[in-house]
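Using the sequences and the accompanying hints, generate a full structural model.
The lines below spell out each chain.
Number of protein chains: 2
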Amino acid sequence: MKRNCVVLLSGGIDSATVLAIAKNKGYDTYALTFDYKQRHRIEIERAKDIVASSNVKKHLILSADLDRIGGSALTSNIQVPCGRGEVEISKGIPVTYVPGRNILFLSYALSWAEVIEAYDIFIGVNAIDYSGYPDCRPEFIELFENMANAGTKSGAEGKKIHIRTPLIRMTKSDIIRKGAELDVDFRLTWSCYDPAPDQKPCGNCDSCFLRMKGCKEAGLTDPLLYNKEP
Amino acid sequence: MKRNCVVLLSGGIDSATVLAIAKNKGYDTYALTFDYKQRHRIEIERAKDIVASSNVKKHLILSADLDRIGGSALTSNIQVPCGRGEVEISKGIPVTYVPGRNILFLSYALSWAEVIEAYDIFIGVNAIDYSGYPDCRPEFIELFENMANAGTKSGAEGKKIHIRTPLIRMTKSDIIRKGAELDVDFRLTWSCYDPAPDQKPCGNCDSCFLRMKGCKEAGLTDPLLYNKEP
Chain A
1 MKRNCVVLLS GGIDSATVLA IAKNKGYDTY ALTFDYKQRH RIEIERAKDI
51 VASSNVKKHL ILSADLDRIG GSALTSNIQV PCGRGEVEIS KGIPVTYVPG
101 RNILFLSYAL SWAEVIEAYD IFIGVNAIDY SGYPDCRPEF IELFENMANA
151 GTKSGAEGKK IHIRTPLIRM TKSDIIRKGA ELDVDFRLTW SCYDPAPDQK
201 PCGNCDSCFL RMKGCKEAGL TDPLLYNKEP
Chain B
1 MKRNCVVLLS GGIDSATVLA IAKNKGYDTY ALTFDYKQRH RIEIERAKDI
51 VASSNVKKHL ILSADLDRIG GSALTSNIQV PCGRGEVEIS KGIPVTYVPG
101 RNILFLSYAL SWAEVIEAYD IFIGVNAIDY SGYPDCRPEF IELFENMANA
151 GTKSGAEGKK IHIRTPLIRM TKSDIIRKGA ELDVDFRLTW SCYDPAPDQK
201 PCGNCDSCFL RMKGCKEAGL TDPLLYNKEP
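Read top to bottom, the protein sequences are chains A and B.
If you read the first sequence in this note's numbering, its first letter stands for residue 1, the second for the next number, and so on.
If you read the second sequence in this note's numbering, its first letter stands for residue 1, the second for the next number, and so on.
Since the list gives no way to pick one copy over another, a pair counts as held whenever it fits inside one copy or between any two copies.
Heads up, simulated DSS-like pairs for lysine-lysine below, C-alpha to C-alpha not over 25 Å straight-line: (1) 160 <-> 91; (2) 25 <-> 57; (3) 37 <-> 58; (4) 159 <-> 58; (5) 200 <-> 37; (6) 153 <-> 91; (7) 153 <-> 37; (8) 159 <-> 91.
In short, the hints are calculated from the structure, not lab data.
Listed below in structure tokens is the structure:
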């Protein structure tokens, strides 16, 4: 019997790879994408493209007004830092951190999971090659799972909910290798936080930096063209 | 120095009382209300009235498309059970449970708290005279708080976040007495899950039942008129 799962799908390399992993494990996948008024809303279009090329049961795109809460370079009028590089990225929590974002996304996923009777929620968080966000760490995921099992009908009825994070201990190049192995079409994915008006990736933000570094280490030519040639 | 807090304000007796408690403790209050496409959206108007009569710093009304997720009598085309009474209410989780609702509301509150530098989030959950929802229990609140401290910038920086639940161990009549003591204007509050087309409370749903029972036990005449006289 097929099992249902919810996959958080932003449209980036990581979540596209997670979707491929969940499908490869035999799940019926329900993809969840957010329009949270992010600067790089183009990623939503890429999420749709990824879904169109995959055998997904349902794709739900929900709106979350995080621009009305603010506090992040991705949702308000704060400059996205450019050209920080590896050393700078390791220094604390950057302004691209969106307060409570993964908590919120996982909460919506939990709500949907209850309705479709899914007990597995997949999220592409990563604690190795990442930007220092607190909501990407293994200790957070474990505590979210505990909370989820106490605060839901599924949990109260003894059906254990799992937050699945297959990428959490992988480097970006490992993720890219894994995605390539599972035939993820990286042309459909999006990473840049601060696209140019012509919708080319900037090649300068943390997310572009990590993508370019990962591709290089994995020996893969990134199919996206950058404003600034890598 | 004043401290900021976020108060989840639905527009009911409980959350109006919690708002009064937070103000009485000297907090600067930031009220958060949701339009989650609930059947009883009239409560949002009542929340506005409560805010208008209180000295609240800011009132944010956010939209959450829980109707697109469904699975509850409050957000989809499922009948609200009527006239269940005390014995029936104690039996398991009813169809008015909204999957993941309090988790989602607390997550948004957490996001806002990070931005306004608030470390206290007030929610009017109650584990005594309540409808059997898993997301109203003390064990859930404790685990949410643990998760919040691991998954946010505030938590990562060692500024402890508290989920404050002043009503959790009170009966409905205790809550009503407390509210009356703090001059909560119950005329402005709303409880009914299933208002009639003329926007009168039904007098029959679990929420009306608990309100009427609480008022009676507290010796207070409920200022709301019911379709079915209590």
